[in-house]
Amino acid sequence: MLVLHGVTVRRGDNWVLKGIDLRIPAGRITAVVGRSGVGKSTLVATLNGLLLPDRGSIQAPDLGDLADSAVLRNHRRRTATIFQDHALIDRLSAIDNVLLGLADQRHPLSPLPWSEALRRRAAEALDEVGLLHRATARTASLSGGERQRVGVARALVRRPRLLLGDEPFASVDPSLVRQMSADFRTLTQRHGLSVVLVLHQLETARFLADRIVGLVDGCVAFDGPATAFDAETEATIFPFVPNNED
Numbered sequence: 001m002l003v004l005h006g007v008t009v010r011r012g013d014n015w016v017l018k019g020i021d022l023r024i025p026a027g028r029i030t031a032v033v034g035r036s037g038v039g040k041s042t043l044v045a046t047l048n049g050l051l052l053p054d055r056g057s058i059q060a061p062d063l064g065d066l067a068d069s070a071v072l073r074n075h076r077r078r079t080a081t082i083f084q085d086h087a088l089i090d091r092l093s094a095i096d097n098v099l100l101g102l103a104d105q106r107h108p109l110s111p112l113p114w115s116e117a118l119r120r121r122a123a124e125a126l127d128e129v130g131l132l133h134r135a136t137a138r139t140a141s142l143s144g145g146e147r148q149r150v151g152v153a154r155a156l157v158r159r160p161r162l163l164l165g166d167e168p169f170a171s172v173d174p175s176l177v178r179q180m181s182a183d184f185r186t187l188t189q190r191h192g193l194s195v196v197l198v199l200h201q202l203e204t205a206r207f208l209a210d211r212i213v214g215l216v217d218g219c220v221a222f223d224g225p226a227t228a229f230d231a232e233t234e235a236t237i238f239p240f241v242p243n244n245e246d
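Residue numbers (full-length UniProt numbering): 1 to 246.
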């Protein structure tokens, strides 16, 4: 789906990603793991085109180099992102939040209501995540799990080929994460999506992903099947930090 060659990204005075070489496989779920501050969210931002590399390149084999503005526009049209806080507008209904995923398909200053075709498409996306019965509920009244599903529906309504997620289960009750991640995997397989998720729960990464990428200090320290992410690898990605307090 994407090929990264020597991708290096600087934020301020800090080099956050340092020469990343990576292939994002089509039709698979890739989990990105690592300690806070190692560059996981920055990597997602480069994959969806919000950040351009200071060095290196990102290629979409069927489109071209994302440094080309036309290629980047086409790539972003077929990419959707689920954010950690879901980026929902609380005063709007669930279906209106899902419709925001289609905002690039009409003029931003249009006074006209959403078309019937687009509202039907948003309703279908909510139905896919089991939330059609809450379509008219204000998002502020929804539970953490329901809000997460609205975020997924808003991504799916774009009919993407590449789906990115920055800790999409972070605000979900831990007791629900395994079932929701299983439902998420079923959805993405049904749509044939390529998926990259930043996850902080290793158990979820092992259960959900086909492949795990482990980052250490802005570099790839592990890239392989989820089944190969063993205790020794975990110790490399999450090294023990001694507590110096008495």
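I should point out that these hints are in silico values taken from the structure, not numbers from a laboratory.
Treat the hints with caution; some may be incorrect.
[As the list claims (entries may be wrong)] What follows is a set of in silico ranges between Cβ atoms, one per label pair, in the way DEER data are often shown:
no. : residue 1 : residue 2 : range
1   : Arg138    : Phe207    : 28 to 34 Å
2   : Ser175    : Arg78     : 33 to 39 Å
3   : Glu203    : Ser143    : 30 to 36 Å
4   : Ala87     : Pro111    : 21 to 27 Å
5   : His107    : Phe207    : 39 to 45 Å
6   : Arg73     : Gly37     : 29 to 35 Å
7   : Ser115    : Pro225    : 43 to 49 Å
8   : Pro25     : Ala87     : 24 to 30 Å
9   : His5      : Arg138    : 43 to 49 Å
It should be emphasised that the depicted structure is a prediction, and the values quoted were computed from it without experimental measurement.
Quick reminder that beta carbons are idealized off the backbone N, C-alpha and C, glycines included.
Hints and how they fare:
Judged by the Cβ atoms, the range 28 to 34 Å given for arginine 138 and phenylalanine 207 holds: they are separated by roughly 33 Å. Taking 33 to 39 Å as the suggested C-beta distance range, the pair serine 175 and arginine 78 conforms, at roughly 34 Å. Between glutamate 203 and serine 143 the Cβ separation comes to about 22 Å, which falls outside the hinted range of 30 to 36 Å. At roughly 24 Å, the beta carbons of alanine 87 and proline 111 sit within the given window of 21 to 27 Å.
Between histidine 107 and phenylalanine 207 the CB atoms are about 43 Å apart, so this pair conforms to the stated range of 39 to 45 Å. The beta-carbon spacing between arginine 73 and glycine 37, approximately 31 Å, falls within the hinted interval of 29 to 35 Å. A hinted range of 43 to 49 Å for the beta carbons of serine 115 and proline 225 is consistent with their spacing of about 44 Å. Taking the beta carbon of each, proline 25 and alanine 87 are about 27 Å apart, inside 24 to 30 Å as hinted.
Between histidine 5 and arginine 138 the Cβ separation comes to about 46 Å, which falls inside the hinted range of 43 to 49 Å.
Comparing the model with each earlier hint shows a violation of hint 3 alone; every other hint is respected.
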